[in-house]
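*Asks:* In order, the protein sequences belong to chains S and U. Following the numbering used here, the numbering of the first sequence begins with 1108 at its first residue and continues without gaps. Following the numbering used here, the numbering of the second sequence begins with 12 at its first residue and continues without gaps.
Some hints could be false.
If you want the footprint, here are the derived chain S segments under chain U, 3+ residues with CB under 8 angstroms [as the list claims (entries may be wrong)]:
hint : stretch
1    : 1256-1270
2    : 1286-1297
3    : 1332-1342
Hint data in this document are derived by calculation from the structure and do not stem from the laboratory. Here a beta-carbon is modelled for each residue, glycine too, at the ideal position from N, C-alpha and C.
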Amino acid sequence: MIDRIASFGRSGTELVVSLGRASRFLAGVLWGVPRPATGFPLLLKQLYSVGVLSLAIIVVSGLFIGMVLGLQGYTILSDFGSEAAIGQMIALTLVRELGPVVTALLFAGRAGSALTAEIGLMKATEQLSSMEMMGVDPLRRVIAPRLWAGFIAMPVLAIIFSMVGIWGGMLVGVEWLGVFEGSYWGNMQASVDFWDDVVNGVIKSVVFGFVCAWIAVYQGYDCVPTSAGISSATTKTVVYSSLAVLGLDFVLTAVMFGNF
Amino acid sequence: MKQRTTDIAVGLFMLAGLAALLFLALQVSGLSPKSAESTYTIYADFNDTGGLTPRGKVSMAGVTIGSIDAITLDTETFQARVAMSINANIDNIPADSAAVIRTSGLLGEQYIDISIGGDMESLAPGDTFYSTQSAMNIERLISNFASGK
């Protein structure tokens, strides 16, 4: 019994310790801003692997989510004879909620896990410590470009996701189910506000991108340098990122849209 | 060469993001480049605003000419005071026009419709509508009908 209480307390302390380490790590990364001349090519390379290579999964899922929203929305709205509101429904759901959140979840699975595994393997094969031996700061050379790449790529991916989803909703609603195209776009433009909806969605995705990238690189950097350690760090990245995204989404939504 | 293809791919990626943002701004939210149009504010007092909400539209003859800014309660008269901003190019609303709360469709959202008066003078910025008509409330209609009023 005492043991159980003790282990409960220990896990609490562990949590606080790892949170503190993660924050110190973040401060170290942000402090060590890479020099533009050497840092920019590194950042571009990471943007390619984190952003460009994630594009396919984002576009395909965006298309299908938009199409499903179109089908589901049509079924419900046609009960009330207001199919014309389908554009408004699809656009608001995607821009405010699904765009940032689903993109962040996919991003954590596709790019975050890869970041963790890559950095973890670098640590296990002692590439990071040999860099330190050569006088190269691994935080600056390896971690910072990856963190910034995730931070920059995530909003871009979320915006593309929303756009493709709205287009997919139009394919189903207008081309297939026969909603009048003018009312699809017209209702959408009447109800979506650029600053309140689109920009708030982008702010959400910026926050999610930052959190996902931070968790991914920290878990990689902090992993136990064995194959089992890398695999558990990769799992943790996906689990923690998803939980953080969903929890933060509630907080952000309450702040942005909850002023009733 | 490899570095160059990466550069091009990342450049195209960022361009695609920018294009998508432009699409969301122009096509989805209907933000027109000249949307910083100047407006002026006029007020209307209602006994009952029903389901009227800020950002709702203000229309005249079915054409949207402005939007609702804020709905507050006047604590002296206990009426709802609605502030609406009207496009500056509609500057000749007759002073005896009435602000009427209407519903678009049977279940649609409520908006303010301005029915035109015949006065030669027009409403100036900051003015208040002289006559208003509150939201139609089906429960009140039924109870009036039942009590024979």
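*Asks:* Now, for every hint given, state plainly whether the structure supports it.
*Replies:* Status of each hint after checking the structure:
1. 1256-1270: That given contact holds, which follows from 8 residues of the stretch 1256-1270 of chain S lying within Cβ reach (below 8 angstroms) of chain U.
2. 1286-1297: holds (count 4)
3. 1332-1342: violated (count 0)
Hint 3 from the list above is the single one not met by this structure.
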